[in-house]
Each structure stands twice: as structure tokens, then as C-alpha cells.
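Student: Sequence:
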Amino acid sequence: MPTVAFDLLGTLLSFQCVIAQLQVTFSTELSCQHKARQFYYGWLWAGLRDYFGSSHAGRYRPLLPLLRTGLERARVVLDMDPPTHEQTEQVMEAFSRLELMETAMEALELLHHHKWDIWVLTNGSYSDTDALLKRHGLETMIGDNILSCDDLAISKPHPKVYSEYMRRAVHKTKRIENFYLVSSNAWDLAGAKNVSVRTVYLTTEEKVYSADSYDGTSPDCQGDSLLTCVQLMIQLENKRRFL
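In our numbering, the protein residues as written are 1 to 243.
If you're looking for bench data, these hints aren't it; they were derived computationally from the structure.
One or more hints might be untrue.
In silico lysine-lysine, DSSO-like type, Cα no more than 30 angstroms apart, as pairs [unchecked claim]:
1. K160 / K115
2. K115 / K174
3. K193 / K115
4. K172 / K115
5. K172 / K160
Work out the full structure: start from the sequences and follow the hints.
Tutor: What follows is the structure, encoded as C-alpha cells:
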């Protein structure tokens, strides 16, 4: 059977509880969900820039510590007061409570029923990822099929990350099958596609896949829910067995 990896943060798991915590912690400035959501993505995307930068500069640093450090900057550049230590802890703690994306369980159960090998390929740490998967009872479907960029000391979308995902999967299964990646990040899928991984775009976060930014290449399929993405992926695999 084929192998599929899911991005974790923002794809398999939703950021909604972090956004809600921002609204609670900084209720004066972020008085509604819309403002909290706008602030969150400004903070996240700046943090990802720092994360990619640290990786490419050769001094890799994990993502969540960079987000913690960047929370002060995210507020100050918007003329807000720096967060207190207590406020920072409240917000960062919410990352340990991330909930499953809508239809995620149904999508994983469908893949498990069809006997696909399921992996998680994440910018988060192995321990945090393992804890979150166990929190949602997913260890029976995913087990220890977790590849963290922290273990490689290099961030996605470097091709080494996706090559290592394929290498480890083949080592475990002793089979060479088609490989897929499901992600809500176009940059993630573009990196995977460069090493011949089939790509599936979840449109819930970025909404639009800017193919022109990636040499005109597009995902193999896309959907507005994880269940739709998985259904289309299975159809694609049934129609065209090999790359």
C-alpha cells in the first residue's frame, strides 16, 4: 500500500485554541476572534521566517522556542505592550492543547481501513508530536511513524526532509510504493514535489496555492477538508498506480 505523511501544525491539528487563548490573554487589543486570528498569523509567519532563516544559516533552532521569543516582537511592531512572562506562558501552553482539524479522524480512519502507511512530518518536536497524537488516540494508526525536523536539524521545505521521510518509510516496510504529502502550506508541498512526492493541498489556511511562486507547479489534488483531500488522494492512487 502507498505511504502518506501529514504535516501536523495547521494541517492535521488546528491552531484555533491558540487563537482563542490570544484573545483571552490580550483581550484589550484582540477583542474579537478576527483580530486574534490576524495577530496570530502575523506572529506565526514571522516565526516561520526566523525558523527557515536559522536552518539555512546553519544554526538550526526549533520552531516553538522561536515563536516564544517572537511573541514580544509581534506585539511591539503593532504598538502593543510587550507580553509579561505570565502572558507568554499562557499563550505557549495552548500549543499543547491543539485539537484535531475538522474531519481529521474520519480521514485517518479511511486511510487505516485501506491499509495505507500513515506518517507525520513536522516542524514540531518529536516529543510534543507524540504527546499530541496520543492525546487524540491516534497512536494506533500512526505509531512511531513521526519524523521531526528537529531530529534532522534542518527545516522543511529542504529536500533532505522529504527524502528522509521516504528513506525511513522504505526501511520500515521494505517496500517502494508511491509517497504522498498532505499539507496546508504551499511551500511545504513545493518542497516535497521536488523529490517526486505526490502532493495534496488542504485549503483551510492559505486558501490559494500560488503556483507561479513554485515554477508553475501545482498540487496533484486539493480539497477544503481533510476528508475530501484523502478521498481525492485515494482516487488518484487507484487511477494511476505508479509515478
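Student: Does each hint fit the structure? Answer for all of them.
Tutor: Checked hints:
no.: 1; hint: K160 / K115; in the structure: 27 angstroms, holds
no.: 2; hint: K115 / K174; in the structure: 15 angstroms, holds
no.: 3; hint: K193 / K115; in the structure: 23 angstroms, holds
no.: 4; hint: K172 / K115; in the structure: 15 angstroms, holds
no.: 5; hint: K172 / K160; in the structure: 18 angstroms, holds
Violated hints are absent here; each numbered hint is respected by the structure.
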